[in-house]
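Chemist: Please model the entire structure based on the sequences and the hints provided.
First to last, the sequence lines map onto chains L and V.
Residue numbers 1 to 168, in our numbering, belong to the letters of the first sequence in order.
Residue numbers 1001 to 1343, in our numbering, belong to the letters of the second sequence in order.
A portion of the hints provided could be inaccurate.
With a Cα cut of at most 25 Å, we get these calculated SDA-like pairs of lysine to any residue [unchecked claim]:
(1) L:LYS18 to V:VAL1233
(2) L:LYS37 to V:LEU1048
(3) V:LYS1067 to L:LEU130
(4) L:LYS87 to L:PHE106
(5) L:LYS18 to V:VAL1324
(6) L:LYS11 to V:ARG1047
(7) V:LYS1323 to L:LEU60
(8) L:LYS11 to V:GLY1054
(9) V:LYS1067 to V:LEU1048
(10) V:LYS1085 to V:ILE1111
(11) L:LYS11 to V:LEU1035
(12) L:LYS76 to L:PHE106
(13) L:LYS37 to V:GLY1337
(14) L:LYS26 to V:PHE1096
(15) L:LYS26 to V:TRP1304
(16) V:LYS1141 to V:TYR1034
(17) L:LYS26 to V:PHE1300
(18) L:LYS11 to V:GLN1045
(19) L:LYS18 to V:THR1308
(20) L:LYS162 to L:ASN54
(21) V:LYS1085 to V:PHE1096
(22) L:LYS11 to V:PRO1310
(23) L:LYS11 to V:VAL1324
(24) L:LYS18 to V:LEU1048
(25) L:LYS18 to V:LEU1069
(26) L:LYS11 to V:ALA1078
(27) L:LYS18 to V:ARG1047
(28) L:LYS26 to V:PHE1301
(29) V:LYS1323 to V:LEU1208
(30) L:LYS11 to V:VAL1200
(31) L:LYS11 to V:LYS1067
(32) L:LYS11 to V:LEU1069
(33) L:LYS18 to V:ILE1016
(34) L:LYS18 to V:TYR1034
(35) L:LYS18 to V:LYS1067
(36) L:LYS91 to L:LEU60
(37) L:LYS26 to V:LYS1085
(38) L:LYS139 to L:LYS162
Just so you know, these hints were derived from the structure itself, not from any lab.
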Amino acid sequence: MRKIKLPGLIKGLGVTFKTLVRTLTKGSHTVQYPHVKESPPPRARGVIALHEENCTACMLCARECPDWCIYIEGHKYKAPPRRPGGKPRKKNALDRFDIDFSLCMFCGICVDVCPFEALFWTPEYEYSELKIADLLHDKTLLSQWMETVPDFEDYEAGSEAKKLTVPQ
Amino acid sequence: MSVVLADLAYWQETTIRLVVGLIAVLLPAGTLVYLFLFKMMSFMQSRLGPMEAGPYGSLQLLAEVGKFLQKEDIVPQAADRLIFKLAPFVVLISTFLLILVIPAGPDLWFIDVDTGIFLGLAVSSISVIGILMAGWASSSKYSLLGALRATGQLIAYELPMVLAVVGVIIQAGTLNVQEIVMAQATGEIFGFGGIGNPYVITQFVGFLIFLIAVQAELTQPPFDMPVAESELVTGYLTEYSGLRFLMFFIGEFATAAIFSALAATLFLGGWYVPGLEATDNLFNVIGPIILLGKMLLVAFFIFWFRFTYPRFREDQLQQLAWKVLIPLSLVNIVITGVLKVVF
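Modeler: Rendered as structure tokens:
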């Protein structure tokens, strides 16, 4: 015969009653969403922004993406040589950079893997659409998200690493 | 009500009784759902609950009813159609019959019989038949298991509930609910008659047993094994949809309201408040409001337990009834009887 756990039962009642009183006096932890906007933390993973100038169409993000939701098309072109008489330089131009957010699982591997600091997280979250096809964000839309990218936060005191800056 | 209705024709009297009966069942049930299920439960989980329909979501209930009425009334192909369709009415009828025995004022009652409380507890058991009908006729294993659990549970907890009431009956010396209220209004506690004698003081153990048994009778958490959604979908409600599901839903909360009112009547003094003569005509006006207030107080505790405790296991559930509550209530009856004879 186990002993009757009476104190625990009463403690439980206390917890719910305390929450009741706190919600009535100090308000709830939830937010009435369409009327009041929730403010996510600055590092929240809302949507991915693209800084187009940094992208070299290297395809690393597209290949690492577990969902294959990044579509990149590019072409090479000959840029004029830096010095007169030199060889024309080969450059990559970005034709298409789409992220399909209906497939994306917000793992952030593309952001981590990008060697040229072209992809950034932004905490923006209000981009739902009525049609699922509209969730395919093209490079103009992805570039527009750049405005909402917050600055990187300071590292811990004593860190040697250089703090990255968000290109604007 | 008997005084008011004395001069009316039979059909007029019946109509008024029906309308008042409907209001007496649906109004407290709606109040409980809004006040406790929607609001108090939300507050206890640190959220606001429905806020959009009407001020503070007060019209949410109507929206829910509208939603249920729109839904298709599905009957499973293998179901026993007649029994399946009748079952919610049987449950609801038990609820409507239960309201009959509760007086709301010195002259406000539906029926005033000498075996009132016996009648009330008897008709409250009819709902078991409805639940068993629902579970069997659904031709679904989940429904059948849920209904069998519900039947076992309701029968097990019927006993401590009745035995807890027996203590009150011994003390009041009558089965008539109106006279039990009067006995509480005019009674004295060891010679002190200032606040009457609400039996919650002298029958505190009985009150506790009654509350626990009511909780189980309503199949509310922590005693909601019959509708355990993680294992039985929703038990005997699994195959029901639309209007018939709504009827079960109303039945559940109307029964919660009426059992709370019954507990308020038996243990908290019913429509009486100390300070006035029990036969004062004023009680015919404020009696229902006082009863509603006391009912809400009891219901607050019932729903507080509901929102706090996790579900029991089936064997723990039966153990609590047969090994703890029934012996305890029997001891309570013996002690009450001895004290009744001594004093």
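Chemist: Taking each numbered hint in turn, which are not upheld by the structure, reported in ascending numerical order?
Modeler: 1, 4, 5, 7, 8, 10, 12, 13, 14, 16, 25, 26, 31, 32, 33, 35, 37 and 38
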